[in-house]
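Peer 1: Keeping their order, the protein sequence lines are chains B and S.
In terms of our numbering, the first sequence is numbered consecutively and its last residue is 780.
In terms of our numbering, the second sequence is numbered consecutively and its last residue is 1079.
Derived by calculation from the structure, the hints in this document are not laboratory data.
In this text the structure is predicted, and so the values were computed from the model without any measurement.
Think of the CB as a built atom: it goes at the ideal place given N, C-alpha and C, for glycine as much as any other residue.
Don't take each hint at face value.
[As the list claims (entries may be wrong)] Beta-carbon label-pair distances, calculated as ranges:
# : chain 1 : residue 1 : chain 2 : residue 2 : range
1 : S       : Val1027   : B       : Arg484    : 52 to 62 Å
2 : S       : Gln96     : B       : Ser419    : 44 to 54 Å
3 : B       : His494    : S       : Asn819    : 14 to 24 Å
4 : B       : His494    : S       : Ile228    : 33 to 43 Å
5 : S       : Ser843    : B       : Gln480    : 19 to 29 Å
6 : B       : Glu566    : S       : Gln96     : 18 to 28 Å
7 : B       : Lys530    : S       : Ala67     : 20 to 30 Å
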Amino acid sequence: MTSELDIFVGNTTLIDEDVYRLWLDGYSVSDAVALRVRSGILEQTGATAAVLQSDTMDHYRTFQMLERLLHAPPKLLHQLIFQIPPSRQALLIERYYAFDEAFVREVLGKKLSKGTKKDLDDISTKTGITLKSCRRQFDNFKRVFKVVEEMRGSLVDNIQQHFLLSDRLARDYAAIVFFANNRFETGKKKLQYLSFGDFAFCAELMIQNWTLGAVGEAPTDPDPQADDMDMDLDKEFLQDLKELKVLVADKDLLDLHKSLVCTALRGKLGVFSEMEANFKNLSRGLVNVAAKLTHNKDVRDLFVDLVEKFVEPCRSDHWPLNDVRLFLNQYSASVHSLDGFRHQALWDRYMGTLRGCLLRLCHD
Amino acid sequence: MPGKLKVKIVAGRHLPVMDRASDLTDAFVEVKFGNTTFKTDVYLKSLNPQWNSEWFKFEVDDEDLQDEPLQITVLDHDTYSANDAIGKVYIDIDPLLYSEAATVISGWFPIYDTIHGIRGEINVVVKVDLFNDLNRFRQSSCGVKFFCTTSIPKCYRAVIIHGFVEELVVNEDPEYQWIDRIRTPRASNEARQRLISLMSGELQRKIGLKVLEMRGNAVVGYLQCFDLEGESGLVVRAIGTACTLDKLSSPAAFLPACNSPSKEMKEIPFNEDPNPNTHSSGPSTPLKNQTYSFSPSKSYSRQSSSSDTDLSLTPKTGMGSGSAGKEGGPFKALLRQQTQSALEQRGGSPHKFCRRREFPFFTLTAFPPGFLVHVGGVVSARSVKLLDRIHNPAFVGIMGNTRSYKLLDWNSFNSDEPETRDAWWAEIRQEIKSHAKALGCHAVVGYSESTSICEEVCILSASGTAAVLNPRFLQDGTVEGCLEQRLEENLPAGCGFCHIPYDELNMPFPAHLTYCYNCRKQKVPDVLFTTIDLPMDAAVIGKGCLIQARLCRLKKKAQAEANATAISNLLPFMEYEVHTQLMNKLKLKGMNALFGLRIQISVGENMLMGLASATGVYLAALPTPGGIQIAGKTPNDGSYEQHISHMQKKINDTIAKNKELYEINPPEISEEIIGSPIPEPRQRSRLLRSQSESSDEVTELDLSHGKKDAFVLEIDDTDAMEDVHSLLTDVPPPSGFYSCNTEIMPGINNWTSEIQMFTSVRVIRLSSLNLTNQALNKNFNDLCENLLKSLYFKLRSMIPCCLCHVNFTVSLPEDELIQVTVTAVAITFDKNQALQTTKTHAEKSLQRASTDNEELLQFPLELCSDSLPSHPFPPAKAVTVEKASPVGEGNFRNRSSPPCANSTVGVVKMTPLSFIPGAKITKYLGIINMFFIRETTSLREEGGVSGFLHAFIAEVFAMVRAHVAALGGNAVVSYIMKQCVFMENPNKNQAQCLINVSGDAVVFVRESELEVVSTQQPAANCQPSCTGGEVTT
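Please take these sequences and the hints and turn them into a complete structure.
Peer 2: What follows is the structure, given as structure tokens:
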């Protein structure tokens, strides 16, 4: 006796959260059944393995049918085939677009191309995430990227509108899209200590301040036609950043800047002497990073540079985080007192964001 | 031109990409009704076209309005080649034809293609302007309401229940027409869908005519089925119960209505002349007013020798003469059938009921209080027929001409064909009627008919429950349901229906009678089998449970007559065994009555399958069932003896366990009170059935078990051992689960609003090697048990919960395949309250029943099914609307969202029950009766057979929901999947499935949303129905 056909269709589509997770994690039906057996469900319910097999198959089939709709979440809301309560629809979408930290760290900043997709086997082996799950996550990144790529308006809003994600997840996707678009290098060994959250934090700051979208002063900009794309860095701004070079190129200015900072921080910093000794190096590092951003290559290496030029020196001198904060605050603010420096607004736009990023990047 | 149909095509969405180059579609829509077609403009390059068409107007007569579906086809415009069809929507406009139902159909409909399934949606608005036509010769029956619900629909009051209506229409199956060889599968499927839709409409119209002729205005318990007879054609048949219904507008209006009969009531409901000729036969409609000729060449007549097999098995009870002496009075029915047997003239019911109609049958399973007086038992009849090929060279199925599908054209060439089928059914009904009469009953309630077809052999089955109905409701010329005429005062509460309707000295079969344990005045049988729902006033102890008997019998492959003979010979044995199994299982549960009994016998190439489902209960009025005794054949063998006693112990333990599980603890009653047992105490069964192949050959099978005081199982061979084992293998549902196949589980009354309707299908392939009856039985048993286990597991998040209306259907699609389809609804109930009630349940049930009756006597609303303020459930107290569970629909329903047909997808509930827990049905919008075919030539790509069928059933649900939503409804009640025919050919990577579903589209309002005023009705008014609702409504 073999079961040829075995189905269960409810008027309200049954969604088993545990099985959904197993499916999303890319387990085969038999693996999923084995995992469920191990969870002790048979003992709890008195069911047999055959029942579990049939149940798992059924759920997997439902998920496969839903997957097509999940690729365009608004379709899931308007479709008529599966009657699913809104709260469950939200859960389905949210979980489908959720991703593994380990996976996203591998592909963050990479081009979402076929080439990267071919490397998914390696990523799967490296991270222990099933290839199927890697593919889903990769395809999700790519799908979101493709949809919002050419869109105007806020990146997060666009993602939320087209994929009905929670605010948190939409922000994460905005970061992923932003990184993929600007191809920031995140895979270098010295960046390994950084989490996705660190990068996402930086991405958000950069989107808010450094992109074309950030130029439209107020969020209630009445002109929606304004070229306010959130994905690309403001090229003009990057060009202008060259002007900051004067801060380190002009010896007087540099000295003045240093003395201003040192005066303000004397006695307040545990690592004052180290700071004083390193000030010129640090300042040079930060300003040079800004000046180099006109080249795509250097944009990609932004995080590598920041870590090399700032985070690592601080770390080697064991700066406490609070000292870093005090220093960066003072370092940015003191520029306002430099009479010879004309690019205050530019500096603020640059340093305001960078300060936030650096603070986030400074940890072990 | 008495009607103008107006259609507007608004927009489409989610259309499939038809042009690969642009990834877009140039869609336009064809709107077709009858022979008229309109087209919208082509909306270029969009998957979400906005046509916003003008109003397309069709001027048609109302006959066409009833028969024809509105056909909407979405196409992709192609400049250089033929336009590609995207899919179709068929809209049944019948609900727009009667005043109280929907006024407009408007909403998003899934665009359906028989090959690709649902491909996007289309927004359509449909309206009908009807002009009054007083032509008395009209062929239409607009205005007659149809209900699938097998009880008087909520928010209606039955003024008169007229009785049985039936009709069938026959046509050639397009799948078997010559043209099918040259057309595409899609065209063939669409032709079939369209034909069945057309035939359904025609059938409904004809039934409507019969109802009008009976001066009724509604059909309740409407059951329409189609028989795919293959080469010999396609039969669509329907049965129902004609009623005159009054809409209950307000609680105040309905009480006086009972008092003062309307003018309508004065008209004789059943005129003495049931001659169908009174409905005028127009030129276009074939009316079956001809004398039926039973052409022996058409119906297969069984050899008399084979019927002797029956006789040798069971002594034939003298049906014809058994009660003739008692029943006086000439029975002067003018039956339209000329082949009236002697039975008719001899008979004559004590209640002068039968004279009114040919068949005093009622498809209802639940009745207004007081309607049902006594229940006799289950009556059933089966007949094996050979289907003949239709030879009609004159008929040419011209594709373009829609009228060619019409029965009338075709019928002129085959005038005798529907009559043959009609005659077959008439025979069966005749038998049912005579069985009922033998049980001293003048009516049959809970009546249903079914068929099972395999190649050219067809088993026709009918069954029902013989009953005595309250004569006062049905007397000629008198006012039905008049207030002053009360129920027989001595009719005791909650047990009256159990009292035997037949004469105890002249019993049609041996029976063990005792005095009623409830009133101790009347005699009751020891076991009662019925096909109806548990009457709402019945006194029940404990809870009920689903009881199934499952059986397979191998059969040699044979052709034609030999095959039919073989089947005929097997049937009595199957019936006997099914019945024995039911009886054993019932006893094992410690219960004494079965409700909702449905015995299905399916025929396959090389086997017969029997599946009986029923809900077992313990009726307080009937005696406590005796245990099961096991007797060995070889008493000398010591170890054997030990084994037997071990088995006996196991059985006794099971019975005790079940009694505890189902809370069966009847009060002790001493023998003296009950009185001495009636002479000749014998086990008996109330299942009376027969097989016959022609009307004059009536045989009975006595399913009693001889003169055995207790129920003794003799274990004389391995077979018997298997039987006992199989008795014990049925595992009870896990704790927190209950199941029944009736509307409501006795003993549970605190339902929440969380419901989940589902369909589950399983097909197993039997290993063809050394198949024995035992192995088959085991396979079949396992299949059903595993299916149930799976359901319990899947629905575990709804615990505590009850599976209601569990409906199993079994079919044998191929040689070694068994298909089981289950549709049911899971309802969560409130556990805390359940515990409370069960503690004092024994007393309460008795108490409740008596209160019920008292109320009933004060306000004998005999024919009022339900008053407006009544709620099937006590308002709000147990209803946890927002109960957060992953499964239910209750937690996300927008509480105040009116069911509207805008772009947001509203929730549509579906349930096989006639009500929605925790809610009140405020409006019936018309019946949903849909037929779909789905075919694939890429089975593997669609996920194999499971993926294919899973998607199809989900699509069917979606289309039903969309139609209900478009009618302005938010639920389907009395939903039933009448057919699910699945065929596969994995080698060719092909599969096909046909599904037929029906139900009543309704608007319901959550009880919690109802005004407080309406829930606080005068106690006396509200009470009966409230308490009644605890059991069933």
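Peer 1: Run every hint past the structure and note whether it holds.
Peer 2: Now for the hints, and whether the structure bears them out:
no., hint, result
1, S:Val1027 - B:Arg484: 52 to 62 Å, "violated, 27 Å"
2, S:Gln96 - B:Ser419: 44 to 54 Å, "holds, 47 Å"
3, B:His494 - S:Asn819: 14 to 24 Å, "violated, 53 Å"
4, B:His494 - S:Ile228: 33 to 43 Å, "holds, 39 Å"
5, S:Ser843 - B:Gln480: 19 to 29 Å, "holds, 22 Å"
6, B:Glu566 - S:Gln96: 18 to 28 Å, "holds, 24 Å"
7, B:Lys530 - S:Ala67: 20 to 30 Å, "holds, 23 Å"
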